[in-house]
Structure formats: C-alpha cells, structure tokens
Amino acid sequence: GDKLVTAGADGFGIVWESSTGRDLHRLRHTHVAHRLLEVQVFPDGRRLVTLGSDSTVIVWDATLGTALRFLRMPEYSRHQSVRVLLHGHRIITGVSRFDGDPPIVWNAT
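Numbering (this note's numbering), first residue to last: 1 to 109.
These aren't lab readings, by the way, just hints derived from the structure by calculation. Each hint should be verified, as a subset may be incorrect.
Here are the simulated lysine to aspartate or glutamate pairs, DMTMM-like style, with alpha carbons at most 25 Å apart [as the list claims (entries may be wrong)]:
#	residue 1	residue 2
1	Lys3	Glu17
2	Lys3	Glu38
3	Lys3	Asp61
4	Lys3	Asp44
5	Lys3	Asp23
Turn these sequences into a full structure, and let the hints steer you where they fit.
In structure tokens form, the structure reads like this:
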C-alpha cells in the first residue's frame with residue numbers, strides 16, 4: 001500500500017506515508033519507558049498490532065492511529081514477537097526460541 005510502519009525503542013510506532021516520507025501517526029504503545037519490540041500489519045492494511053516490552057499487545061486502527069484493543073500477556077511472559085495469522089482473524093505471540101513459554105493465540109476481533 002501507500003503506508004509503512006516502523007517500531008522504535010522509544011515506545012512509539014510510526015505510520016509513514018511511503019510516497020512522501022511524511023509521518024501520519026505516532027502510536028504510543030503504553031509508557032515511553034517501555035520499548036516497542038515489534039509491529040505487524042493486518043492483511044487488509046486497515047489495522048496493525050504492536051508488542052511492547054511491557055508484555056502488552058495493542059491492535060490499532062492504521063488509518064486513524066487509535067488503539068482498538070489491548071491484550072495483556074501473563075507477567076512471566078518473555079514473548080518477543082507478534083504475528084498476524086492468515087486472514088487476520090488471529091494474532092500469535094511467542095519467543096524467538098523455545099524456553100518454556102508457549103505461544104499464545106489471540107482472537108483479533
């Protein structure tokens with residue numbers, strides 16, 4: 001599409017207009033002290049999901065830059081990645097290697 005998204009160590013995700021390089025929305029994940037680990041765009045391009053180092057997953061409206069849904073992982077979780085599964089109906093969080101933390105599958109709606 002005409003937008004791209006970046007994740008920053010400052011806790012912000014930025015939605016950019018790819019043709020101009022203009023920043024359209026700054027998505028403050030939760031608290032600025034927490035890093036934004038990853039961002040993924042849904043297949044329809046209308047939503048995106050972020051994972052913060054505070055174990056919070058947020059589903060965003062990519063057009064408006066507003067949070068639609070907050071998902072909280074268990075305190076002990078060390079999940080480092082988030083993916084939107086086929087058709088955008090589910091989100092999965094997990095670790096980069098198996099260390100006892102099982103993946104979590106979330107309903108994306």
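message: Check whether the Cα positions of Lys3 and Asp23 lie no farther apart than 25 Å.
response: holds (10 Å)
task: Quickly compare the C-alpha distance for Lys3 and Asp44 to 25 Å and report which way the hint goes.
output: With a Cα-Cα distance of about 12 Å, the restraint between Lys3 and Asp44 holds, given a limit of 25 Å.
message: Check whether the Cα positions of Lys3 and Glu17 lie no farther apart than 25 Å.
response: It holds: about 5 Å lies between the C-alpha atoms, which stays within 25 Å.
Lys3 paired with Glu38 [C-alpha distance capped at 25 Å]: holds (17 Å)
query: When you check the alpha-carbon spacing of Lys3 and Asp61, does it fall within 25 Å?
result: Holds: Lys3 and Asp61 sit about 13 Å apart, inside 25 Å.
In the structure shown, no violation is registered for any of the earlier numbered hints.
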